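Here the protein sequences come in this chain order: B and L. Every letter in the first sequence is one number past the one before it in the numbering used here, and letter 88, counting from 1, is 88. The numbering used here runs 1000 ahead of the 1-based position in the second sequence.
The reader is advised that the hints may include incorrect statements.
Listed next, with one range per pair, are the computed distances between beta-carbon atoms [unchecked claim]:
hint, chain 1, residue 1, chain 2, residue 2, range
1, B, Thr148, L, Met1187, 18 to 28 Å
2, B, Glu116, L, Lys1343, 42 to 52 Å
3, B, Tyr23, L, Val1426, 50 to 60 Å
4, B, Lys27, L, Val1380, 25 to 35 Å
5, L, Val1426, B, Arg65, 22 to 32 Å
6, B, Thr148, L, Ile1419, 18 to 28 Å
7, L, Leu1140, B, Leu24, 36 to 46 Å
With the C-beta cut set under 7 Å, the calculated list includes, among others, these residues of chain B facing chain L [to be verified]:
hint, residue
8, Phe14
9, Leu16
10, Gly30
11, Ile114
12, Phe138
Think of the hints as simulated: they come from the structure by calculation, not from any bench. Note that this is a predicted model, so its numbers are computed, not measured. Glycine is no exception: its CB is placed at the ideal position from the N, C-alpha and C atoms.
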Amino acid sequence: MTFRWISLSTGLFFLLLGSLEMYLSQKLPGGLGLNAAEPGPGLFPMIVGAIMFIAASLHIVDSLRATPTIDTSENRIPKDIIYMVLTIALYIYLLPRAGFFVAAFLLLIGSLSIFEMPGWMKRIATASIATILSFALFTQVLSVKMPTPTWFN
Amino acid sequence: MNALEGLAYGFSIALQAQNLLACFIGVLIGTIVGVLPGIGPIGAMALLLPVTYAMTPAGALIMLAGIYYGSMYGGSTTSILLKVPGEVSSVITTIDGYEMARKGRAGAALFVAAVGSFAAGSVGILGLAFLAPVLAASALRFGPPEFFALCVLGLLVLSKLTGSSLIRAAVMVALGLSLSTVGMEPMSGVSRFTFGSLDLAQGLELVPIAIGLFGVAELLSSAHNKLTNEKPLKVSFKELLPTREEWKRSQWPIARGSVLGFLFGLIPGPTAIIATFSSYALERKLSKHPEEFGHGAIEGVAGPESANNGAAQGAFIPLLALGIPFAPASAMLLTALLIHGAKTGPMLMTESPEIFWGVTSSMYIGNLMLLLLNLPLISVFVALLRMPMYLISSIVVLLCVVGTYAISNSILDLWVLLISGVAGYVLRQLKFEPVILLMALALGPILERSFIQSLYLTQGDLLEILTRPIAGTMIFIALLVVLIPFIQRIYKNLFRKN
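Whole structure, please, built from the sequences with the hints as guidance.
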């Protein structure tokens, strides 16, 4: 895949986003209020959507005019990034269900593994200590209220 | 109250025990953030925003401001000892700072950087104390058209200064403004783009998006690149003092860098970076030994390091006087002000003088703390660099997610954080600048409100704005910012053909 194609796809994505915003803006209750002395709630988003539409169109034109160079870098998303995103997503999913301890412990284990901390026992020990310390810091010192885990109710 | 009375009042606030502690914690965290590569001051400020809930508004601002200018100090340490800038604004210091360190003059480079930062901080505070009240007083006469014009100008100048192409910048501005329209419309109360979600009716929180764009995106990037610990060059306390010659050569670059940096700080955008490059170029031009630049010229450290701190202080003026954030860090401070229910804009000085003068005066105390902290404790900060990256990164991941949840105990904020993180990573890969998105998001509500009010005021005839002297001038400058590159291109093409 060339950089030109990636650039084109990005332009197309923002073009669609701008179109969608314009479409949804005119459907808002109160509408655009095209009598400019009495603007409606849809007017500002409509203008912003139009700016995105125009900018994205120009971006597409720019991409089409660019010389199609073949990108030598790896086009696949690196595995570590996918793992990191999944680890954070798992934390968000587990936090209200399994509670802070389980969610944070797994997040730390995942993160320490992705960042290549040597030795599984060390990872488990570090994750356990960090989970307890962060729980104490946030709930006791900073009075953050953690969600009650629904799975254990 | 005049500037001197204000400063005296400010010191009485800043010297209260809890505010002194807030200032100390702020500058300490700022220095650590500046020393460690990875999470920047904006991410750190965003992460610590929930911590400020238990503080007074003045204390909260004092701590967050301390993180910002503290990081400017810390950034120089890694630049000089590792040739790795802890902060982007310290990039230029890597050139001569590291060369000085290789020649055994690391201590002198660090000393000059610290003294330069202190001097610039002092210049900035005086400028803030004398200039901000004047600006705020004139801004009291600002109507919606002036605020609208100021926001437009701010966004356009920012878009130009980030180095992104104007088209890409326009996409980012539009995306940021679009995100700012999610939730209740301020005038009519109509819900927009909420798709029936009650959580979205409150609008998108700025903090999760900021942590995502800068904190999580940085983590994703380092998950792939696997940063490793570099071995810093050793510095002993005996080597810290510069020689008489080095000191003599540093004085004027410090003075020039301080003023230049402060003036750059008044302009919208990541001006600390531009100020450092300009200061470096200026010193090279004025130096009697330009050939030494790049090989360990002390002027190449003294000027830029003063300039970046001067710019950091200067950036507080538009925020405190006008309530307009011209830099991403100012946007975080504005969020803190809003969270604490403080009046923002020109009214801040009259309605909450303890915040304005307290923060201004605390900066002087903070800069003094930094000077005392940075020099004797340099070996402690250097030791931080030996902390394994896997540990730092994992702690930062945990802080990102727990800190975001703590803002309003919302799981939706966590999803926003993750999506923003992925978006921030992808946007950087595609050469889009997320800073512009964040600024547009922060300025969006102000821009929309002033735009709608201007429409009411002018009976729908927006061209009437151009007849107002201040608003008209700002729009004219904004147009120039956009048009000058096109005119230059056309002129060049014509010149080439001829």
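Tested hints:
Hint check: Thr148 (chain B) to Met1187 (chain L), Cβ distance near 39 Å, so the stated range 18 to 28 Å is violated. For Glu116 (chain B) paired with Lys1343 (chain L), a C-beta distance near 49 Å keeps the hint of 42 to 52 Å intact. Between Tyr23 (chain B) and Val1426 (chain L) the CB atoms are about 24 Å apart, so this pair departs from the stated range of 50 to 60 Å. Roughly 59 Å separates the CB atoms of Lys27 (chain B) and Val1380 (chain L), a value that falls outside the hinted 25 to 35 Å.
Taking the beta carbon of each, Val1426 (chain L) and Arg65 (chain B) are about 23 Å apart, inside 22 to 32 Å as hinted. At about 25 Å, the CB distance of Thr148 (chain B) to Ile1419 (chain L) agrees with the hint of 18 to 28 Å. The supplied range of 36 to 46 Å is met by Leu1140 (chain L) and Leu24 (chain B), whose beta-carbon atoms lie about 38 Å from each other. Contact between Phe14 (chain B) and chain L, as hinted, is supported at the beta carbon level, the nearest pair being about 5 Å apart and thus within 7 Å.
Among the interface hints, the one on Leu16 (chain B) is violated; its C-beta lies about 13 Å from the nearest C-beta in chain L, farther than the 7 Å criterion. For the restraint placing Gly30 (chain B) at the interface with chain L, the shortest Cβ-Cβ distance is roughly 5 Å, inside the 7 Å limit, so the hint holds. Hint status for Ile114 (chain B) relative to chain L: holds, with the closest Cβ pair at about 5 Å, below 7 Å. Because the closest C-beta pair between Phe138 (chain B) and chain L is about 5 Å apart, less than 7 Å, the hint holds.
Hint check: violations occur at hints 1, 3, 4 and 9; the rest are consistent with the structure.
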